[in-house]
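S.K.: For reference, the chains in residue letters:
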Amino acid sequence: MHTLIVIDQPPYGSWGGRESLDMAFSLAAFDQPVSLLFIDAGVLWLKQGQEPDGIYQKSVERNLAAASIFGVEALLAEATACHRFGLTDNNLINGVTRIENTGTTLQQYQHVVFSG
Amino acid sequence: MTMVIRNNEGFLEDASAWTTEVAREIASEDAIDLSENHWEIIMFLRGFYKEHEISPPSNRLFVKAVKEAFGEAKGNSIYLMQLFPGTPAKTACRIAGLPRPTNCL
Amino acid sequence: MHTLHIVSKPPGNTRFRECLGMMGEQDALLLTGNAVTALADSTITLPAMVYALQEDVRARAIDPRQDISGQVTFDDMVSLTIRAQRVISW
Amino acid sequence: MPADIHTFTLVITGAPYSSQAPETALGFARAVLRAGHTIDRVFLYGEGVHLASSLASPPSDETNWTRAWGDFLQEHSVPAVACIASALRRGLVNESEQKRYQLPASNLAAPFEIAGLGEWVESTIKSSVQSSRVIYFHGGA
Chain A
1 MHTLIVIDQP PYGSWGGRES LDMAFSLAAF DQPVSLLFID AGVLWLKQGQ
51 EPDGIYQKSV ERNLAAASIF GVEALLAEAT ACHRFGLTDN NLINGVTRIE
101 NTGTTLQQYQ HVVFSG
Chain B
117 MTMVIRNNEG FLEDASAWTT EVAREIASED AIDLSENHWE IIMFLRGFYK
167 EHEISPPSNR LFVKAVKEAF GEAKGNSIYL MQLFPGTPAK TACRIAGLPR
217 PTNCL
Chain C
222 MHTLHIVSKP PGNTRFRECL GMMGEQDALL LTGNAVTALA DSTITLPAMV
272 YALQEDVRAR AIDPRQDISG QVTFDDMVSL TIRAQRVISW
Chain D
312 MPADIHTFTL VITGAPYSSQ APETALGFAR AVLRAGHTID RVFLYGEGVH
362 LASSLASPPS DETNWTRAWG DFLQEHSVPA VACIASALRR GLVNESEQKR
412 YQLPASNLAA PFEIAGLGEW VESTIKSSVQ SSRVIYFHGG A
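Chains as they are written, first to last, in this note's numbering: chain A, 1 to 116; chain B, 117 to 221; chain C, 222 to 311; chain D, 312 to 452.
Among the hints, a few may not be true.
[To be verified] Below are the BS3-like pairs computed for lysine-lysine, each with C-alpha atoms no more than 30 Å apart in a straight line:
no., chain 1, residue 1, chain 2, residue 2
1, B, 166, B, 183
2, B, 166, B, 190
3, A, 58, A, 47
4, D, 437, A, 58
5, B, 206, B, 183
6, B, 206, B, 166
7, A, 58, B, 206
8, B, 206, D, 410
9, D, 437, B, 183
10, A, 58, B, 166
11, B, 190, A, 47
12, B, 183, A, 58
13, B, 206, D, 437
14, B, 206, B, 190
15, A, 47, B, 183
None of these hints come from the bench; they were simulated from the model. No experiment lies behind these values; they were computed from the predicted model shown.
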């Protein structure tokens, strides 16, 4: 059963997205198929060049780059949200698939989860 | 003996205090004599941490990360268990001077 | 019913809008907690199959709209989660 | 076991007093058992771990959600687990974590326990069976 974990909160302002990532990593640890879907302001997780030193946090951009190593199958992003927040081929991190119809994507997963 | 501050489980309090000498000392407490094979994994883990700002959060993910980097022969729990007895991810992080894993899984 | 979408956030929360936007035609919506305030908000267009948790509606003295499918008890909520092929909490 | 008996795992991610998640979940949990179904586990994640704090002391004429949940869990022998990573960050520890991290006190209310996300993964795997459900109770802000 493939799990889709949805992140709709921008990075750094709350811990919710990181806890979504922990959920994805633990499913992957047990070889359970899992993908991440970024919607709304959550797509800002996927922007290159994050420098969170000044707010004393670790870079979610760097954390996220470990996802494929751990076995997270796909990083999906809502295309309209990417457009809205100015994410293009030039500033999107590697390995992200933009999807046009998130509703259709959502239908394909038996287990759709928000971390909070 | 180099004086570095460690927590009650032997992890460095200050990651920048890590040297290869410190690594040897920590390893010797677990009766591990660091070989080339150990150093390969230790330096890999340190590189992984630098790149991703996290250690693999569980043993299983530690094995996966090593497998991704070095292939099946080294990316398996038996090999890593032999090098780093106990809980390999924890033992290896301790020797590599990385933070104590959160026991997340 | 294909999917039961359980929403606990008020209509002003982006999560509420996302849920409505992604619902399929065979899906049902269950409003709980602050989400029941959507019933009192005349600017919100709700889908065909809407349920609201009775306790939360009563607590907030909300007059149910004519177009709503029904108020449900916790017992009904359990049945809904079983009838649905899957459940998504927003 | 009859075919129409379902097993539920409840995941609570909203904290008491800052959300209604623990109360909605408790109402749901009671209804699950009333209908003859079972609850294999309650999992507290993120802000939800605050429900397991033994130090919450609301005025006597308000519901103490930690106690209400504790009584329910004990009466029906339902195990409840707070995610260790969420709990440690938010200052919620049992005696063994108190010792490990050399903290001045522990504050995990009985009968809650602390464990890893592996417990949630296990419930997730089980829920691929038709008669099993994982239901999430999020905050409502």
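S.K.: For every hint, state whether the structure bears it out.
M.R.: Now the hints, each set against the structure:
1. 166(B) with 183(B): holds, 18 Å
2. 166(B) with 190(B): Holds: residue 166(B) and residue 190(B) sit about 21 Å apart, inside 30 Å.
3. 58(A) with 47(A): Given that 30 Å is the threshold and the Cα spacing comes to 15 Å, the pair holds.
4. 437(D) with 58(A): violated, 34 Å
5. 206(B) with 183(B): Given pair residue 206(B), residue 183(B) holds - Cα atoms ~17 Å apart, limit 30 Å.
6. 206(B) with 166(B): Distance ~17 Å between residue 206(B) and residue 166(B) Cα, so the pair holds.
7. 58(A) with 206(B): holds, 21 Å
8. 206(B) with 410(D): holds, 18 Å
9. 437(D) with 183(B): holds, 28 Å
10. 58(A) with 166(B): holds, 11 Å
11. 190(B) with 47(A): violated, 34 Å
12. 183(B) with 58(A): Holds: residue 183(B) and residue 58(A) sit about 25 Å apart, inside 30 Å.
13. 206(B) with 437(D): holds, 29 Å
14. 206(B) with 190(B): holds, 17 Å
15. 47(A) with 183(B): holds, 28 Å
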